[in-house]
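Going down the list, the protein sequences come from chains A and B. Heads up, the first sequence is in the numbering used here, so the first residue is 1 and it goes up one at a time. Heads up, the second sequence is in the numbering used here, so the first residue is 385 and it goes up one at a time.
Among these hints, one or two may not hold up.
[Stated by the list, open to error] Between beta-carbon pairs, the in silico distance windows are:
{"hint": "1", "chain 1": "A", "residue 1": "Leu284", "chain 2": "B", "residue 2": "His578", "range": "43 to 51 Å"}
{"hint": "2", "chain 1": "A", "residue 1": "Ser13", "chain 2": "B", "residue 2": "Glu565", "range": "52 to 60 Å"}
{"hint": "3", "chain 1": "B", "residue 1": "Ala589", "chain 2": "A", "residue 2": "Gly222", "range": "53 to 61 Å"}
{"hint": "4", "chain 1": "B", "residue 1": "Lys386", "chain 2": "A", "residue 2": "Arg155", "range": "27 to 35 Å"}
{"hint": "5", "chain 1": "B", "residue 1": "Asp585", "chain 2": "A", "residue 2": "Ala24", "range": "55 to 63 Å"}
In short, the hints are calculated from the structure, not lab data. Even for Gly, the Cβ is constructed at its ideal location relative to N, Cα and C.
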Amino acid sequence: MLPGARAAWLAASEHLGNPSSLHASGRFARKVVEESRESIAADLMTRPSAVIFTAGGTEANNLAVKGLYWQRQQVLGNNEPLRVLASAIEHHAVMDPVAWLGEHEGASIEWLRVDHDARVSTTAIAESLAAASNVALCTVMWANNEVGTIEPVDRIAELCREFGVPFHTDAVQTLGQVPMNLGALGADAVTISSHKIGGPFGVGALIVNPVTGFTPVMHGGGQERDIRSGTLDAPAIAAFAVAVRNAVEHQVEHARHLRQLRNALVKGVLATVPGAVLNGDPDLLDGGRLPANAHFSFPGCEGDSLLMLLDAAGVDCSTGSACTAGIPEASHVLLAMGVDEHTSRASLRFSFGYLSTAADVDRVIAALPGAVDRAKRSASSRSS
Amino acid sequence: MKVLVAMSGGVDSSVAAARMVDAGHDVVGVHLALSRNKTYGDGRQRGCCTLDDARDARRVADKLGIPFYVWDMAEEFAEAVIADFIAEYRLGHTPNPCLRCNESIKFTAVLDRALAMDFEAVATGHYAQIVRGPAGPELHRAVDPEKDQSYVLGVLQPLQLAHSIFPLGADTKDVIRAEAESRGLLVAQKPDSHDICFIPDGDTAGYLQRQLGSLPGDIVDAESGEVLAQHDGTYAFTIGQRRGLQLSRPAADGAPRYVVDVEIGSRRVTVGPPELLDVYALEGIKPIWTTSPLGEVPVDLLAQVRAHGVPVPARAHQLDDRVMVELLVPIRGIALGQAVVLYDGTRVVGSATIAATTRAA
Numbered sequence: 001m002l003p004g005a006r007a008a009w010l011a012a013s014e015h016l017g018n019p020s021s022l023h024a025s026g027r028f029a030r031k032v033v034e035e036s037r038e039s040i041a042a043d044l045m046t047r048p049s050a051v052i053f054t055a056g057g058t059e060a061n062n063l064a065v066k067g068l069y070w071q072r073q074q075v076l077g078n079n080e081p082l083r084v085l086a087s088a089i090e091h092h093a094v095m096d097p098v099a100w101l102g103e104h105e106g107a108s109i110e111w112l113r114v115d116h117d118a119r120v121s122t123t124a125i126a127e128s129l130a131a132a133s134n135v136a137l138c139t140v141m142w143a144n145n146e147v148g149t150i151e152p153v154d155r156i157a158e159l160c161r162e163f164g165v166p167f168h169t170d171a172v173q174t175l176g177q178v179p180m181n182l183g184a185l186g187a188d189a190v191t192i193s194s195h196k197i198g199g200p201f202g203v204g205a206l207i208v209n210p211v212t213g214f215t216p217v218m219h220g221g222g223q224e225r226d227i228r229s230g231t232l233d234a235p236a237i238a239a240f241a242v243a244v245r246n247a248v249e250h251q252v253e254h255a256r257h258l259r260q261l262r263n264a265l266v267k268g269v270l271a272t273v274p275g276a277v278l279n280g281d282p283d284l285l286d287g288g289r290l291p292a293n294a295h296f297s298f299p300g301c302e303g304d305s306l307l308m309l310l311d312a313a314g315v316d317c318s319t320g321s322a323c324t325a326g327i328p329e330a331s332h333v334l335l336a337m338g339v340d341e342h343t344s345r346a347s348l349r350f351s352f353g354y355l356s357t358a359a360d361v362d363r364v365i366a367a368l369p370g371a372v373d374r375a376k377r378s379a380s381s382r383s384s
Numbered sequence: 385m386k387v388l389v390a391m392s393g394g395v396d397s398s399v400a401a402a403r404m405v406d407a408g409h410d411v412v413g414v415h416l417a418l419s420r421n422k423t424y425g426d427g428r429q430r431g432c433c434t435l436d437d438a439r440d441a442r443r444v445a446d447k448l449g450i451p452f453y454v455w456d457m458a459e460e461f462a463e464a465v466i467a468d469f470i471a472e473y474r475l476g477h478t479p480n481p482c483l484r485c486n487e488s489i490k491f492t493a494v495l496d497r498a499l500a501m502d503f504e505a506v507a508t509g510h511y512a513q514i515v516r517g518p519a520g521p522e523l524h525r526a527v528d529p530e531k532d533q534s535y536v537l538g539v540l541q542p543l544q545l546a547h548s549i550f551p552l553g554a555d556t557k558d559v560i561r562a563e564a565e566s567r568g569l570l571v572a573q574k575p576d577s578h579d580i581c582f583i584p585d586g587d588t589a590g591y592l593q594r595q596l597g598s599l600p601g602d603i604v605d606a607e608s609g610e611v612l613a614q615h616d617g618t619y620a621f622t623i624g625q626r627r628g629l630q631l632s633r634p635a636a637d638g639a640p641r642y643v644v645d646v647e648i649g650s651r652r653v654t655v656g657p658p659e660l661l662d663v664y665a666l667e668g669i670k671p672i673w674t675t676s677p678l679g680e681v682p683v684d685l686l687a688q689v690r691a692h693g694v695p696v697p698a699r700a701h702q703l704d705d706r707v708m709v710e711l712l713v714p715i716r717g718i719a720l721g722q723a724v725v726l727y728d729g730t731r732v733v734g735s736a737t738i739a740a741t742t743r744a745a
């Protein structure tokens, strides 16, 4: 955790009060929460009333997807199944609630296709919005967590406004990486999470358009504008606000630092590992890709062997998402991009954080060619 | 030495991993995910690949401070073990899936992959011993006769044995449990798994019926030729079986009847008195030799045809790619597809799949 965030957490934890209580310690906790709300709103250029605290990104995404869907049904005054537009490369925390609406509420889901760089087509979205009037919501992530591709969310938000369809974007990956002006974006719901920016785990927020209605997913004490009941975790929220402030204030220099390291890694890997392929937007300078993200395929390798070998060499990387048992799965993102299943399993993501150094990059480049070589041998041992 | 330990999440492989760490090896734990249909255990089912088992294995690895990974072997397992199991039953044979799993998955797919990744050996929690002999590594029975698993390892070849370690073979199960307890491993009291891991409810006949469908036929008396009952599929019967025949009429002499024959073509299951089950000789195919081939001169050995069967004196020799085994003491009820494992004292000589039996002395 960021030292400043930890300090804020400790300071707030000394005054244990329920922000909903009316006594002195309750008032103190309430003050901490409201100041944090104002701080986060100011940093993201929106109003404090837009900030709905949750217990993390997954909860915020569930609230956005289900809350908007049910609200739309309520407004229309019937229980007719509605349509949901969602990109095919969403994080599971969006994809699964959307799929759940399809399976349990009869929603008809349109998974928006992406191109080889993992980008949705705004033309196709415009056509889908125009094709039917019963779209309950459209959700497209701000940037993809696996391959780092930044999506055209400004244009999608604009299209959705034009058709009167609520727009949600999962910005968990984006905060601190690219400039975020939520007032200008004008989305109906934006998900952010604390732990991705050096704040504590277990806290996040849905930044909403206060005039857009949300049917609550959790019912109870009516906290957070009756949208999200549950006692607020004041120390975590205070630390979250410090982390958001840090992410936004240092975004430009942070992104420059990350981009420099990332570009050195991409250059080194493509030069030293025969056959390595960079996935996602190839533009490494700006705009199209998260600065901290590098994602490669190593055709002929086995992804989990590669991960094990790099792990042994002290390099942490990720094969995308792992299922509950810890088995790396073929990434739905890569499959949606048109990568075949075999290559998809032979793919790794490297991400950088504020503690990453040029020496880390050198270590990866030194370890990777040998690891790829052995992972290829291990793959051929399995197919023989 | 770089050692990969296959960790099921049970007490045996957990202690095996701990012993490898104590021996000073560079140990990595791997849990094999053998099924794509992931379920949480309910505390009663005792398979070996539920999500809870994966979690148990991970917690043991945490405790030992070793890296831990899950390897997805579901595809290989489905093909080499489950499909083979069903195909064998379709042919009226009685396969041993644990043996196939050791042969194709644990000591082939896993071992090959480990070697490719520069591991020198794979250790497992099997109860068996490897002794370095003059002609190479020898596979021997475990000290604990109750737990001895040398039978299901009888499919290992010299190269596989050379890269395998069985750290538990010299101890009894009680010692292993006590050791798990004193090491503070949470799995110390976990029950042993006995069932076929992909049939966790233990209902093999029900499983086969779902896989193979209903294939009704007659149950016939061996002596009178009379049709006694109908059945839903020959796969529910194995030679030597006595239970579950559901015959409405007892035999003329009131003695229990056993399955003495299963014919796939006519779907006829024949039942009769136990004397008809005595096997005096058998013929094995696809022999595997743990150190060196048997040769054409008959040798006095011991033969065992079930995982927990009693070994009997036998005389065996090789004839081309077959193994001819004369049983000096007859074994009652041998089904085709079972493996015969030959022992020289406690040493495993090799194994073969039983393709024919002789019942008349």
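* Which of the numbered hints are not met once you compare them with the structure shown? -> 1, 2, 4
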